[in-house]
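Undergrad: Sequence:
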Amino acid sequence: MVFIILLGGFFHARHTLEGNHIWPAFVIWGLERSIRSIRILIYNMGYFKNGSVEQYGCCEAISPHFVRLTLRRPTYMQWRPGQNMYLTIPSVSGVFYEVHPFTISTIDTLSDIAGDEGSDEDPVEKKNSDSIPDIDYKTLTFLIRVRSGFTRRLFNKSGGTREMKVILDGPYGSPPCLQSFDTVVLIA
1 MVFIILLGGF FHARHTLEGN HIWPAFVIWG LERSIRSIRI LIYNMGYFKN GSVEQYGCCE
61 AISPHFVRLT LRRPTYMQWR PGQNMYLTIP SVSGVFYEVH PFTISTIDTL SDIAGDEGSD
121 EDPVEKKNSD SIPDIDYKTL TFLIRVRSGF TRRLFNKSGG TREMKVILDG PYGSPPCLQS
181 FDTVVLIA
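Under this note's numbering, the residue at position 32 of the sequence shown is numbered 32, and the numbers go up by one with no gaps.
Be a bit skeptical, because a hint or two may be false.
Said to hold, decoys possible - For each label pair, taking beta carbons as the anchor points, the in silico distance ranges come out as: (1) 15 - 178: 51 to 61 Å; (2) 77 - 153: 22 to 32 Å; (3) 174 - 34: 15 to 25 Å; (4) 15 - 179: 51 to 61 Å; (5) 153 - 38: 25 to 35 Å; (6) 65 - 90: 18 to 28 Å; (7) 103 - 33: 42 to 52 Å.
Worth flagging that the hints you see were computed from the coordinates, not collected in a lab.
By construction, the Cβ of each residue, glycine as well, lies at the ideal position given by its N, Cα and C atoms.
With the hints as constraints, model all of the structure from the sequences given.
TA: Below you can see the structure in the form of structure tokens.
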């Protein structure tokens with residue numbers, strides 16, 4: 001979409017020499033796309049490894065209106081409450097590059113690291129306990145409201161509890177830091 005807008009702006013302004021000012025926007029946009037692609041590849045190396053379970057998510061329908069997607073991620077990925085991630089699920093997506101933003105529903109703490117013997121196992125850990133290597137993992141959970149399109153296809157594929165490969169991009173967003181305030185009033 002951005003490429004089409006920039007290209008249209010260039011052709012519109014090329015006769016008045018203003019088109020020369022649009023080329024830097026092409027360069028910045030291309031650089032941003034390249035950096036994002038490299039970041040996605042680095043964060044999702046497990047997706048391309050045979051036998052790796054770190055990119056598998058457990059998808060379960062918790063009601064006709066919500067789906068819970070639980071993933072296990074290596075400890076290098078950190079997030080804060082209120083941040084979101086772009087998810088691509090090739091087995092559900094209509095096209096490979098179909099991405100959708102969802103807010104992370106878990107917090108990034110040591111209690112989320114897999115392998116706690118005293119706690120109930122999460123669905124992903126139950127399914128993959130034999131094949132998971134001894135690496136510290138965190139649990140990412142997304143509560144996804146079922147609507148039409150992608151989320152409806154995800155709900156239809158979940159059918160009970162189903163495991164699927166997921167490509168992550170993020171986290172994004174900058175939630176406000178409220179620690180310095182004594183009182184906070186939240187209005188919904």
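Undergrad: Indicate, hint by hint, whether the structure satisfies it.
TA: Now the hints, each set against the structure:
In this structure the supplied range 51 to 61 Å holds for residue 15 paired with residue 178, their Cβ-Cβ distance being about 53 Å. Under the hint 22 to 32 Å, the C-beta atoms of residue 77 and residue 153, about 26 Å apart, fit the expected range. Separated by about 23 Å at the C-beta atoms, residue 174 and residue 34 satisfy the suggested range of 15 to 25 Å. The beta-carbon spacing between residue 15 and residue 179, approximately 55 Å, falls within the hinted interval of 51 to 61 Å.
Range check, residue 153 to residue 38: about 29 Å between beta-carbon atoms, so the 25 to 35 Å window is met. For residue 65 paired with residue 90, a C-beta distance near 25 Å keeps the hint of 18 to 28 Å intact. For the pair residue 103 and residue 33, the beta carbons lie near 24 Å from each other, so the given range of 42 to 52 Å is not met.
Checked against the numbered hints above, the structure breaks only hint 7 and satisfies the rest.
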